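Could you slot chain W onto chain A? The hints should help.
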Amino acid sequence: MKIVTKHPLVFAVSLMATVAAGWGCKDFLEKASEPLGTLDQNTLLNKAGVEGSLLSAYRILDCTSQFQPDWGCAASNWVWGSVTSDDAYKGSESTDQPPIDDIEQYHWSTGKSEDYLNTKWRGVYEGVSRANATLSLLKQVQEAKPGEIDEETANGIRGEAVFLRAHYHFEAWRMWGNVPYYREDDTDFKKPNLQSDAVVTEILKDLDEAIGLLPTGPRNGQKGRADQWTAKAYKGRLQVYAGQFADALTTLREVQSAGPYALETSFDKVWTGYSDEANGKETIFAYQASSNDGETNGNNANYGERLNFPHSGSPFGCCGFHQPSQNLVNYFRVDAAGLPLALSDPSWNSNNANFTAANNTVAVDPRLDWTVGRDGVPYKDWGKHAASWIRAPAYGGTYSPKKNAHEKTSGAESSVGWVPTQLNSVNIHIFRYADLLLLLAEAEVEAGSPANAQTIVNQIRARAGVAVQGPGVDAAGAANRALIAVPINDPSITWATYRVGQYGGTWTQAEARDRVRAERRLELAMEGQRFFDLRRWGIAEQTLNDYIAVEKNRRTQLGAAEAFTQRHRYFPIPAIQIELSKSNGQNTLTQNPGW
Amino acid sequence: METMLGKHSFPHRRPHRLWAVGLSFLMALVLLGAVRGTALSQEISVTGTVTEKSGFPLRGVTVRATGTDATATTNQYGKYTILAPSSGELTFTLIGQKPGRASIGGRTTVDITLERISFLEEVVVTAYSESQKRSEITGAVSGVNVEQVQKRTGASVLQRLDAAVPGVTVDASGSPGSRSTVRIRGVSSFQNNDPLYIIDGVAAQDSYINFLNPNDIQSIQVLKDASAASIYGARASNGVVIIETTKRGASGPPKTTVRVRSGVASPVRGYDDILLTDPNAYYQVFKTSYENAGQAVPENIYGSPTSPTIPKYIWPNNCGPDEAAGVCSNVDPASYAYPDNLIMASSSGTNWWKEVFGPAYVGDYNVDVAGGSADNAYLVSANYFDQNGTAKYNRFQRGSLRVNTNFQRRKWSFGENLAVSTDRHNGGLPDDPTGYAEDGILGKNILMQPIVPVRDVAGNFASGKAVSLGNQSNPLKYAFAHKDDLTKNDRIFGSLFAGYDINSRFALRTRVGFNRTQGETSFFTPITPENSEPQTTNSNFENQNDTRDWAWSNTLKYLQNFNKHGVSVLVGQEVSKTTNRFLQGQCSGFIDTDVNSRYLSDVLCDASTKQVFSTGYENALLSFFGKADYNYANRYIATFTLRQDGSSNLGPDHRWGTFPAVGLGWRLSQESFMRDNKTFSDVMLRFGWGLTGNQSIPSGRIVAQYSGDRGDTYYDIAGSNSSVAAGYRLTALGNPDLKWEENNSLNMGADITLFSGKVDLVVDVYQRKTNNLLFAPQNPATAGIAAPAIVNVGKMKNTGIDFSIGHRSTSWSVNFNGSHYSNEIESIDGDADFFYGPISTRFGNQVINQVGQPIGAFYGYKTEGLFRDDADVAAHAQQDGAQPGRIKFKDVNGDGQITLADRTIIGTPHPDFTAGLDVGFYRGAWDLTATVFGTFGNDIFENQKEFYVFREFSTNVRKDLLNNSWTPDRPNAKYPRLDVSDTYSSALSDFYVEDGSYVRLRSVQLGYNVPSKYIRFLQATRVYLQAENLFTITGYDALDPALPAANITQAAGDVRDQYRGIDRGSYPSNRMFSLGIVTSF
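Residue numbers (my numbering), protein chains in the order written: chain A, 1 to 595; chain W, 10001 to 11081.
So that you can see chain A by itself, here it is in the shape it has in the complex (with noise of 0.2 Å):
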């Protein structure tokens, strides 16, 4: 007390000064800078930091769940290859979702357009960012600690990293043509967009260097990853893609003859959410979709598909969207010999009303009853699909999606997040065998081999006759899988005639065109595809006009529809990353022509 108050101001400046000195040390405010409960790039600089990266980039293979509100980056391109085409509806009622309407009636420059195009966009070069992101970091631990991970492991890392970042780039030069390609070492992001031919060019060159470096069979033998088989089927497909048939015929008989793929016996087993059936010999390359894995909003669990459900008074609840056309029911229709009667009856689409289980007497190809809902038709093994499933039949018409459905039994279904019961656990096939075989027939047919081609056909049309949809349900009603799928000619099938003929006689190369793609479409079926092979085979002007001509009769909102045009070649770049990727006031994308 006394130094206080007899010298005051040197106990003031010392008590300053230790003040000063205590909280002036640099650490103080260092200690503070550090972030918490996150890591940085050195915790990840080891071999399961690499690998977990890798693993991110798979899993952005469907990023719905990440991209909320909408739902234009779900891994099966239902909004962008399926609403677009003839296969089918938005669905639900017109005041939900308002923006697929827009997309499904080809109004593509419109800003609700514009917000889906920029979630796919968005999505697809994540995927490559992440792909890269594993690359720049396998690159580093390499440097920094040369032992930590083995050669082999360290290829079979960049093989699967530099073929995601192919099938990344695939997706967005299917949408949109002419897009930047980016790699591990591209450090300024506003890179211009390439013309559509040298993005070919830069995806082969990422699949060659896949094959290269990928062994011959999923690395720990997780069927989830890409092996060299994988990266081979997909060069083929992107080489029909371009239009390359010589050298897509080189790729798809080597992957034919030579590949681990076959056929699912029966259709029932390609789209299911039994597990012990997932990831057959069909499966190429699929999302793997997982439910009740601790996640607490399911969004592991197809995210993406869970508006395509039967609606309030089915067992799902919601949200009845992803509608099958009628144009797509009819297609199913055939002929006395199994056949596809759209090839032989001009009138095969002239039906308008309902067809249900009433028609039984119609006869159907049987992959109808795996692809669409129908009224009085077993759907899998929830029972008998019902109008009460319909959320608006005069908007969405009166059918269902079927193929992303769990069956009751399978244990797919989550019992967590929004609305669980439309939240499960099918794998969404990206490439399956039976398209790489229609591919490889479509290439036989343009070299100038249709008999090859109709050889595949009938393959999978003899599949497609081995089970059909059985009751699903037993005489008491409760599911029982051993009723799912029954023979052809199973005495229970009271709700349809199910009929599927080989081709017989000798091709020519036109009838073999029609009919690998009639096979196409009846094949893949609402998964996705069908726009994009429109588009690939030039037919998409006149397919998709004579189909609005007749189905705005049917559907009156798609009265509104603009004209596919030239320009639907390729959707528009979404507005806003032309605006982000500027650079000195300059545009650096191009958009698209027409748009």
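Because the hints were derived from the structure by calculation, they are not lab data. Do not take every clue at face value.
With a straight-line cut-off of 30 Å between C-alpha atoms, the simulated DSSO-like cross-links for lysine-lysine are [said to hold, decoys possible]:
#, chain 1, residue 1, chain 2, residue 2
1, A, K190, W, K10795
2, W, K10795, W, K10312
3, A, K582, W, K10890
4, A, K191, W, K10739
5, W, K10312, A, K31
6, W, K10795, A, K552
7, A, K552, W, K10287
8, A, K384, W, K10312
9, W, K10890, A, K31
10, A, K190, W, K10312
11, A, K191, W, K10795
Note that the structure is a prediction, hence the values are computed from the model and not measured.
Relative to chain A, chain W alone:
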């Protein structure tokens, strides 16, 4: 669920609450009447008159006899009577007058004249608890009329600042305990624009301040410009609000004050004023919409359009799985089973608004005891505040206790301020929906059609399960299901301080402040089998949030006056740190949904769904500062401030920021040529310039962050369909070069007293320029979705004027304040000249931040009316879906087609002018005061039109929709043609933009100061009747033009200022009537 519903009865609140109002009031009177004052011996009765200089009697002067606890108040004639010791002394105090003092000296009549304190002589607390006379302040500092603030009823003091200070705006919702958005002089940053609150010397940045009992507040000063605020440098760029609770100068025996207020609140306006409540009327809209679209009218509810009827049941809408769709006529109610077989009868017209919203009780109870002597002062205050929401089942309660003490021991002084509070918020109804509009209770209210009954045939909640009835939840069920959701905040806030006056020139002060908050929330989601999109699994989450702030400041003050020179220097140092930890868990599938079973336990819920995580953050500030004031003859004043702050949020090489400020003042009235000027009795001109800083960004953003999430980066690579393996991704990019955002502010002002103190006028004009704006510009998608790095780019400017003019006499007073600002984004970054708002609604993003425009401008198409006919369609630029009766958009760029490029600025949420008016009339024991607030020229984006005009999700619609929608006979209709296939007219456009101007009578209070002869034992008693939001004049035809800001936080921080003025269903303001009593003894 059935048992859950069965267990709880529904309280009949309204009559019960009204009763409580009266009862509590009576009880308070009885209680107070029972307390007896103590009488002293040798007392005489003293009477007298108190007048002001002009001879006018002063009413309401508090007269105290020193040494006793006797107090009296003068009446309208300035007369008082008091019992006082004949040798004692009397003191006379009245706000706005210099205190008077007179010895009794045995007299029985003591008259006195009090002298008015001129505006510039008022003493206010500014920096670091130092007081200054207003005439020494060169910056823009506004005092708040605390008396007016205490007349308002919001739970938080922030809500009560509305209309009180020029240049300060406050937006809050009617939700009890609502968050407040206080903005001082516009918006200076893209994120985090909350001012800094200094409560008894301790900093707080908090949009609620619910822990502070408004009745404990003694003074509030708002430092609006940098020359005043830069002493608080680091966090001062949005202005500083200094709140002092300390009751200084209270001396004498313990004085107890009791304040009780009870009231009833009800929403100003309801959706039942706007929406249909008649199912038949709704059907007409529904039918017309389908018919106009050429579509078949769905028949599942009303049957055939040729003979529609309200059906007996709306669910099931057919009788069995094999039945065709259509109205079901043979429902067997006995087959009802919850949740699998629900049966809902139709309603003849549910008024959903009335089901959910209604009058609600509000009570506010305070007791404080204050006293002290020459060397000590203390205040102990307790508060219980109870506000029910106008929406059912939600409620805010607060209990707080404050102890302020202050001791003097020779050259030492020390003391503490301590507030302990707990608040509980039941019901989980947020101020505004954080997701889509329909996620909030207001949105749910719109979404329900009038034919949907409140309850099903078994008494469980019903909803629109059937097709075409929409797909949302019963709003009453939503409220009921969340009634046990509880958000609790426990707070200890305060400081310890000590001072040592070294000698007459030097004084040392030290203060340790602390602010400890523990919050808890639980949120239950029930199953909703009655919905068309049912929730089939219940779930509950709970979290705990623990934040600790501490700060230690030390200052040394030097004061020296010689001749006409006055110098004062303050130097100081401060250090503060915040640490936070947040823990959350959730689980689904609770076996028993009772609130007592909602614990995260394997046996209570589905263990496989249980998930727990925690997060945290910390940041620190280290500061050195100095301030020098120089004053020559009270005529020329100069202030210099310099502050250095180091922030842990910023890059290692840029942590330290220097914030200088200069203020100059010229008290013109002290000049010889102005002395004795009859008009200008006092004039002070002020000029200020200064820099302030902002570093309010999330901590840890100087390095790249990697993370992952089970639902985001984890993947089922093994193809098991039921398990995932860990994955990681880059979640946020870092920027090691982050530096201070700087606000460069210029202020010029004048404080003028006119006509011998009859009128006070304060005017300030300012310009605030923000440089190095902290901002996270969106990256192109090709760079990935990781949160973009926060960088220092961008510039923003606010220019404005604010003023107040007031007059106060003994019989009436008036104070008018007004302000105008204009905000402009001057640059964003090198490449982009705009970026969109932070969130989208169902129909897209309606907000743009664009160079040359204010922050948060509305963006969309301009409309040109409705298409009249086919010829009009053909003549117009090509527009998707163009048809007669649909909205016509303007071809802004003239390229012959309507595309995204035609969107343009269509409105701004920023007002041109805001004003507050306080008036008071004093007549005898009666007084009447009122506050009016007005805002002019601001736009509202009425997003609810998505629903009640365009019927997104088959919602209810506006009453005037059918008769004001386009038909060939009504070519200039208010609304487009009803048409379910019209997905085009709803594109975001100025069709949604409405003028948001309004004038509102915020509060009016009629008070009566009960003469002591009626209540002998009480020294001063006041009873009052109060009404709030009694009327609003506005052209805005929706629920409430007073909108709170949305609650939006992104990786770069709180970005609510990018999303203002958008009506998407926020809790409406309340109209409130209350009755109160204040008494002391």
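Tested hints:
{"no.": "1", "hint": "K190/A / K10795/W", "result": "holds (24 Å)"}
{"no.": "2", "hint": "K10795/W / K10312/W", "result": "violated (63 Å)"}
{"no.": "3", "hint": "K582/A / K10890/W", "result": "holds (27 Å)"}
{"no.": "4", "hint": "K191/A / K10739/W", "result": "holds (29 Å)"}
{"no.": "5", "hint": "K10312/W / K31/A", "result": "violated (69 Å)"}
{"no.": "6", "hint": "K10795/W / K552/A", "result": "violated (52 Å)"}
{"no.": "7", "hint": "K552/A / K10287/W", "result": "holds (20 Å)"}
{"no.": "8", "hint": "K384/A / K10312/W", "result": "holds (27 Å)"}
{"no.": "9", "hint": "K10890/W / K31/A", "result": "violated (56 Å)"}
{"no.": "10", "hint": "K190/A / K10312/W", "result": "violated (62 Å)"}
{"no.": "11", "hint": "K191/A / K10795/W", "result": "holds (27 Å)"}
The structure does not agree with the numbered hints 2, 5, 6, 9, 10 stated previously, though it agrees with the rest.
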